[in-house]
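Here the numbering used here is used: the first residue of the sequence shown is 72, the next is one more, and so on.
Hints listed in this document are in silico derivations from the structure and should not be mistaken for laboratory results. Predicted, not measured: the structure shown is a model, and the values here were computed from it. Please note that the accuracy of each hint is not assured.
Simulated DEER-style distance windows between Cβ atoms [what the hints assert, rightly or not]:
#, residue 1, residue 2, range
1, I239, W265, 32 to 40 Å
2, N213, S111, 28 to 36 Å
3, F118, T197, 21 to 29 Å
4, W127, R94, 24 to 32 Å
5, S185, Q120, 38 to 46 Å
6, I266, Q242, 46 to 54 Å
7, G123, F351, 35 to 43 Å
8, W265, F118, 20 to 28 Å
9, I266, R238, 49 to 57 Å
10, F262, A193, 32 to 40 Å
From the three backbone atoms N, C-alpha and C, an ideal C-beta is built for every residue, glycine too.
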Amino acid sequence: MWLAFLAAVLFAASAVCGQTLSRQLGGVKANCFRITIACSLLGIWTFSQFPGHLHWATFRWLFLSGVLGFGLGDVALYLAYPLVGARTAVLINLCIATLCGAIADKLVLGTQLSLKELAAAALTLTGVVLALHKKDEPLRLNIGIVLTLFAGICQGLGLTVSRYSHRIMEQQELVVSGPAQAFQRTMGGVFIGWIAMAVLLSALKGRQIVPASARTGRLPWWLLGASFFGPVAGVSAMQVALQQVGTSAIVSAITSTAPLLLLPFSKYLDRDRPTMKAVFGSLLAVAGLACLAWMRM
């Protein structure tokens, strides 16, 4: 269970680095560079320490999981970071990912949802709405929120596909370590990331989307942090936690505490101080996920 909380801490650190990186490079470039570095690091780790942990039966599903989560989901998330801020983006992403994952679990893996579980899901959505609403600002749907919702849906579907690969591992008695699973997932992310980069470069035709003056000498450190904390260490810990706990709901509920870990830094990340309503909404959202996880134990 502690690995899931460790993943939450790492995801929060990754969000801090990711938001700063996306402001300096642009969302598409930032995501493409950090997922490529992460995939390279995980590849070295896998082939040096777990050379026999790659199997075609599970690779295709882990790759698809990466296409959804690391690819489509993270491209959208990195585009949303500068628009809505890390705290809001991570909160929506993780909460929607859990809800979407629960629905996908029912359709793909046969997991049943009770009325109590649906009520817990509604509680989570209520918390998300409260956390989104800022003082003196009407709640409205904008491109940043849409991108984050899309990212959450992709993350939830990717998590279900990853769990499906775990079922295949159990059925065929295959051993695939957490880093090896993360490596195969990041390969899917690299595939989509570079396609998005090609589309961006073609659209810009040499123009810069972020001025060079906005970049700082600390850019390599932000890039390394975004690469290591999330895709390498965070996902490796989460993959092991998924196998140990046996259900994505519990792991997702724990990792959804990442937005709470970001609250103390909101003044510096989003240039605003989180209101009591935002704090209460965040707690309510996590409480709903915790109830959902407890009822599925």
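Taking the hints in turn, this is what the structure says about them:
1. I239 with W265: 32 to 40 Å: Given about 28 Å between the Cβ atoms, the range is violated.
2. N213 with S111: 28 to 36 Å: Distance hint for N213, S111 holds at roughly 35 Å.
3. F118 with T197: 21 to 29 Å: For F118 and T197 the Cβ distance comes to about 46 Å; the hint is violated.
4. W127 with R94: 24 to 32 Å: 40 Å, violated
5. S185 with Q120: 38 to 46 Å: 42 Å, holds
6. I266 with Q242: 46 to 54 Å: 32 Å, violated
7. G123 with F351: 35 to 43 Å: 49 Å, violated
8. W265 with F118: 20 to 28 Å: Holds - the Cβ-Cβ distance for W265 and F118, about 21 Å, lies within 20 to 28 Å.
9. I266 with R238: 49 to 57 Å: Hint violated: Cβ distance 29 Å, outside 49 to 57 Å.
10. F262 with A193: 32 to 40 Å: Given about 36 Å between the Cβ atoms, the range holds.
Hint compliance for this structure: hints 1, 3, 4, 6, 7, 9 are not met, and every other hint is.
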